[in-house]
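All chains, full assembly: derive it from the sequences and hints.
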Amino acid sequence: MDYQFKEIEQKWQQFWAQNQTFKAEDKSSKPKYYVLDMFPYPSGAGLHVGHPLGYIASDIFARYKRLKGFNVLHPMGYDSFGLPAEQYAIQTGQHPAITTEDNIATYRRQLDQIGFSFDWSREVRTSSPDYYKWTQWIFMQLFNSWYNKDADKGQSIDKLVAHFESNGSAGINAVCDDEILSFTASEWKAFSNQQQQDELLKYRLTYLRESTVNWCPALGTVLANDEVKDGFSERGGYPVEQKKMTQWSMRITAYAERLLQGLDTIDWPEPLKEMQRNWIGKSTGASVKFPIDKSGHNAALDTDFIEVFTTRVDTIFGVTFLVIAPEHELVASLTTAGQKADIEAYIAQTKKKSELDRMADAKTVSGAFTGSYVLNPLNGQQIPIWIADYVLAGYGTGAVMAVPSGDQRDFLFAKHFNLPVVQILDIQNIETEADPTKEGAYVNSDFINGLAYKEATATVVAKLEEINAGKAKVNFRMRDAIFGRQRYWGEPVPVYFKDGLPYLIDESHLPLLLPEIDKYLPTETGEPPLGRAEDWKYEGGLAYELSTMPGWAGSSWYWYRYMDAQNDKEFASREAIEYWKDVDLYIGGSEHATGHLLYSRFWNKFLKDLDLVVEEEPFKKLINQGMIQGRSNFVYRLIDEEGRGTNTLVSHGLIKQYKTSPIHVDVNIVENEVLNIEKFKQWRPEFADAEFILEGGKYICGVEVEKMSKSKFNVVNPDDIIGRFGADTLRMYEMFLGPLEQSKPWNTNGIEGVFKFLRKFWRLFHNDAWEFGVSDAAPSKAELKSLHKIIKKVEEDVERFSFNTSVSSFMIAVNELTDLKCNNRAILQDMVIILSSYAPHICEELWSLLGNADGTLSYAPFPKFNAEYLVEDEFAYPISINGKMKMNLSISLSLDVKEIEATVLANADVQKYLDGKTPKKLIVVKGRIVNMVV
RNA sequence: GCUCAGAUGGUGGAACUGGUAGACACGCAGGACUUAAAAUCCUGUUCCCGUAAACGGAGUGCGGGUUCGAUUCCCGCUCUGAGUACCA
Numbered sequence: 011m012d013y014q015f016k017e018i019e020q021k022w023q024q025f026w027a028q029n030q031t032f033k034a035e036d037k038s039s040k041p042k043y044y045v046l047d048m049f050p051y052p053s054g055a056g057l058h059v060g061h062p063l064g065y066i067a068s069d070i071f072a073r074y075k076r077l078k079g080f081n082v083l084h085p086m087g088y089d090s091f092g093l094p095a096e097q098y099a100i101q102t103g104q105h106p107a108i109t110t111e112d113n114i115a116t117y118r119r120q121l122d123q124i125g126f127s128f129d130w131s132r133e134v135r136t137s138s139p140d141y142y143k144w145t146q147w148i149f150m151q152l153f154n155s156w157y158n159k160d161a162d163k164g165q166s167i168d169k170l171v172a173h174f175e176s177n178g179s180a181g182i183n184a185v186c187d188d189e190i191l192s193f194t195a196s197e198w199k200a201f202s203n204q205q206q207q208d209e210l211l212k213y214r215l216t217y218l219r220e221s222t223v224n225w226c227p228a229l230g231t232v233l234a235n236d237e238v239k240d241g242f243s244e245r246g247g248y249p250v251e252q253k254k255m256t257q258w259s260m261r262i263t264a265y266a267e268r269l270l271q272g273l274d275t276i277d278w279p280e281p282l283k284e285m286q287r288n289w290i291g292k293s294t295g296a297s298v299k300f301p302i303d304k305s306g307h308n309a310a311l312d313t314d315f316i317e318v319f320t321t322r323v324d325t326i327f328g329v330t331f332l333v334i335a336p337e338h339e340l341v342a343s344l345t346t347a348g349q350k351a352d353i354e355a356y357i358a359q360t361k362k363k364s365e366l367d368r369m370a371d372a373k374t375v376s377g378a379f380t381g382s383y384v385l386n387p388l389n390g391q392q393i394p395i396w397i398a399d400y401v402l403a404g405y406g407t408g409a410v411m412a413v414p415s416g417d418q419r420d421f422l423f424a425k426h427f428n429l430p431v432v433q434i435l436d437i438q439n440i441e442t443e444a445d446p447t448k449e450g451a452y453v454n455s456d457f458i459n460g461l462a463y464k465e466a467t468a469t470v471v472a473k474l475e476e477i478n479a480g481k482a483k484v485n486f487r488m489r490d491a492i493f494g495r496q497r498y499w500g501e502p503v504p505v506y507f508k509d510g511l512p513y514l515i516d517e518s519h520l521p522l523l524l525p526e527i528d529k530y531l532p533t534e535t536g537e538p539p540l541g542r543a544e545d546w547k548y549e550g551g552l553a554y555e556l557s558t559m560p561g562w563a564g565s566s567w568y569w570y571r572y573m574d575a576q577n578d579k580e581f582a583s584r585e586a587i588e589y590w591k592d593v594d595l596y597i598g599g600s601e602h603a604t605g606h607l608l609y610s611r612f613w614n615k616f617l618k619d620l621d622l623v624v625e626e627e628p629f630k631k632l633i634n635q636g637m638i639q640g641r642s643n644f645v646y647r648l649i650d651e652e653g654r655g656t657n658t659l660v661s662h663g664l665i666k667q668y669k670t671s672p673i674h675v676d677v678n679i680v681e682n683e684v685l686n687i688e689k690f691k692q693w694r695p696e697f698a699d700a701e702f703i704l705e706g707g708k709y710i711c712g713v714e715v716e717k718m719s720k721s722k723f724n725v726v727n728p729d730d731i732i733g734r735f736g737a738d739t740l741r742m743y744e745m746f747l748g749p750l751e752q753s754k755p756w757n758t759n760g761i762e763g764v765f766k767f768l769r770k771f772w773r774l775f776h777n778d779a780w781e782f783g784v785s786d787a788a789p790s791k792a793e794l795k796s797l798h799k800i801i802k803k804v805e806e807d808v809e810r811f812s813f814n815t816s817v818s819s820f821m822i823a824v825n826e827l828t829d830l831k832c833n834n835r836a837i838l839q840d841m842v843i844i845l846s847s848y849a850p851h852i853c854e855e856l857w858s859l860l861g862n863a864d865g866t867l868s869y870a871p872f873p874k875f876n877a878e879y880l881v882e883d884e885f886a887y888p889i890s891i892n893g894k895m896k897m898n899l900s901i902s903l904s905l906d907v908k909e910i911e912a913t914v915l916a917n918a919d920v921q922k923y924l925d926g927k928t929p930k931k932l933i934v935v936k937g938r939i940v941n942m943v944v
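Residue numbers (the numbering used here): 11 to 944.
In short, the hints are calculated from the structure, not lab data.
This one's a predicted model, so the numbers in the text were calculated from it and none came from an experiment.
Hints may contain errors.
[As the list claims (entries may be wrong)] Mimicking DMTMM-like on lysine to aspartate or glutamate, the simulated pairs with C-alpha atoms at most 25 Å apart in a straight line are: (1) 631 to 267; (2) 720 to 688; (3) 143 to 133; (4) 473 to 436; (5) 253 to 208; (6) 143 to 36; (7) 159 to 490; (8) 481 to 208; (9) 448 to 475; (10) 159 to 197; (11) 708 to 696; (12) 481 to 314; (13) 253 to 220; (14) 361 to 399; (15) 169 to 314; (16) 691 to 701; (17) 212 to 189; (18) 791 to 878; (19) 529 to 89; (20) 754 to 806; (21) 169 to 197; (22) 78 to 878; (23) 631 to 133.
Encoded structure:
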């Protein structure tokens, strides 16, 4: 029979499901290998052709590892809490759980069609109570923990309480809020429970804090920093504003240094690590306290100094002004009566500017003088305090010491407002711009005059410490992550409130189920949707937390749940975690670089600190699959003399001769840029009687690479491809498209080449009448050579994730075997095993036809490479003259270099090229090349 | 601006440690089969010169360098894509 992909694929997909072929063993003598895909959010649009790219790669790898004798864990699930289902609920009233369920069904159907070898018995859904019970449980562990800097790990809060009880707050080195109390053991014991809890909250790894948040009014929720792009929400593109709110936060900053260091131990793409490094943003410098000059005015100030962070404390004698952020808490009290109008006008002006304007405006200098001064702590010099929006409230202390000679922004500011610029290094050139050099010797710098950079820095820091005006400090750009959304469709936070303070619900009450509500909108009083739930109180009367967890909560630990997905006693058993340990290969998009991948590493480190998991890093090796871009096709409408569009369309090659305007056309009715005119006429009524100006009898469309989107008619659905060519072709074609990590436009041109290849492979097993038949004769040398070439090639390619090159090699192998008229069982059976990770359905069918037991292919041993079959006794040496290849000459490989030289020089054709001359030099690389210098 | 990645035929791409540039596939052209079309198969296909072949010349974004030999290594530049952005 001819290659009937539809029947074959259906048959084997059913077989795999019924027999649970890919169920991973929990206990095994085989080595483990964990291949993980980033699980999808099941959107209503279904899977598009870009999604499976990574899944196909990981599936090939997983199948390959099984053939290589590994016990492979290759699971799939759904990140099923999220905004779209809730937005849909707001519009239609349909419960998000129903929408989600429907979407998951679509995803599952689509995934099954592609023939993935997932172990579905371990499926997880973050929105299922069995799952989010453990997300809530991990939240509770975070609430019950603090970060001990001395031990450099997260620890149980009980330890902290015990310390307070015996020693008070002395000797505690913790990552905590700024305003902690200092107390003795007896004072602690004298605190009311209320006071104690209030104090402990300042240490907990998840805590409540009033902070400035990214508030998105359109979505009615707070967004994390990584969910905001250029002042707009990443999802939906709505404007985002800054707002003060009391929010749950995660003390991820406690782990900043470990998150940074850990990057050096994992095999991730360098750009991705770089993104995390930038996000963490470590900078080493010093914090300096500038005493406020209270001599003149505003004696009412309750703070004595302004603290700044600087990476160039050596430039402290070049400070000619201080700049604080307009939002800085001291602005109001520092402003003198005379400057009040100026300052207020400036603040009003910055408030109006959106973040986007502020960036576009980066070149314009703006600011206002508060009227107050600080004193340089080292020489007592009076320094004016300004406000300007180039100083960000959220970074460092929201205040900078301005050194115009060394910093370009400070320089522009000084020039604009006529402030002094002081040279501090002898070789500094500050005529037209700031010079940030660290070279040369200091001048105008008091006790560091004449010193060099390193020495000067150390000297200044020592002096500041001595007079208690500053110290060396490491600063991180990363902020604590906000952990609450004013939304319905997320995990409820397992917390209730008593006397204004949060308490965990009892563990036995987990999971805290999401209550039913009448509408998925905030309450009339502006509370989150959970405020609508009736009788939703803890133990009869206590109010629950009404915000839910953010989208990243459920995805920050899901790889552990796959290890032991049905466990109802623990998030995963100790046994399972000790066996599977961590993810060996993780494939997904780079868009999660600073979100999911950072939070996951954070939670993992925390779980490791509590000794709940065994590895410090969760994902040993990570690969980013490239983005699949859209590839739009265009037709060109002829414009008449009056500038009106006509119903005549001009083929792309001729548009220069006419006046035309481009129109997007559905890529599904275009093949190799040739428009299917019949389908086009049916596509939309307006084109039913369109006329065409053709070239060579065809209408050729224009092409452009754009985002894949419905409005551009360039979305390709994998279902359509599978319908036409089958899943095996889709799998191989997606790999054939190019290197996995490269972004590329989706382009169906060329898919037939892959389909033809599979058919050719099928034909090796069949005669001209499509009857199955293989021979049991001993394989020939040439056949064995082809086979062992491909064994080696696939091993090498898969190990380095170069899937595109092995597809080419498969084609070469099949072309060779076809030329050899090979129908040898021994050869073909090994071919089936090798190809099975790429094209599993056709291989299962052939495996079965070859007389093997159904379902044994997935665990068959990968053929062993034997180098002997590749040994050649001759090599066709390229003979080049001055590096240019001229001819090939076959020479026995048994000859040594001297003999090769002699053979080459004795050759008549070589002599013809040499034209009587003697080569100056003769380079012979055995088995590679001969080069003559003439 | 900064950081990272990349640039190879008409197209997607290959060439792994410096050693025959363009594998494999698409497209295109020609041919076979067919009444015809589709499907299938065969041949050719980097560019230039030449009717064609032999042959010759150029050629991996641009300019230089190292080397017997460079798509690969080094220096400078251009362009494209991604990330990031007043980070003190």
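Just to be careful, I want the Cα atoms of residue 159 and residue 197 compared with a cutoff of 25 Å; is the pair within it?
Between residue 159 and residue 197 the Cα gap is close to 24 Å, so the pair holds against 25 Å.
Would you check the hint for residue 253 and residue 220, treating anything up to 25 Å between C-alpha atoms as holding?
With a Cα-Cα distance of about 10 Å, the restraint between residue 253 and residue 220 holds, given a limit of 25 Å.
Residue 720 and residue 688 were given as a pair; does the straight-line alpha-carbon distance stay at or below 25 Å?
The given pair, whose Cα atoms are some 22 Å apart, holds under the 25 Å limit.
Given the hint that residue 791 pairs with residue 878, test it: the Cα-Cα distance must not exceed 25 Å.
Holds - the C-alpha atoms of residue 878 and residue 791 are around 10 Å apart, at most 25 Å.
Is the Cα-Cα distance between residue 361 and residue 399 25 Å or less?
holds, 10 Å
Checking one constraint from the list: CA of residue 448 to CA of residue 475, max 25 Å. Satisfied?
holds, 22 Å
Pairwise hint evaluation, residue 189 against residue 212, where the allowed Cα distance is 25 Å at most:
Holds, at about 8 Å.
Sort out whether residue 436 lies within 25 Å of residue 473, counting only the CA atoms.
holds, 22 Å
Run the distance test for residue 143 versus residue 36: straight-line Cα separation, threshold 25 Å.
holds, 23 Å
Is residue 529 within 25 Å of residue 89, Cα to Cα?
holds, 23 Å
Going straight from one Cα to the other, do residue 691 and residue 701 come out at no more than 25 Å?
holds, 10 Å
Starting from residue 253, check that the Cα of residue 208 is at most 25 Å away, please.
This hinted pair holds, its Cα atoms lying about 24 Å apart.
Going through the hint list in order, the structure does not satisfy hints 8, 15.
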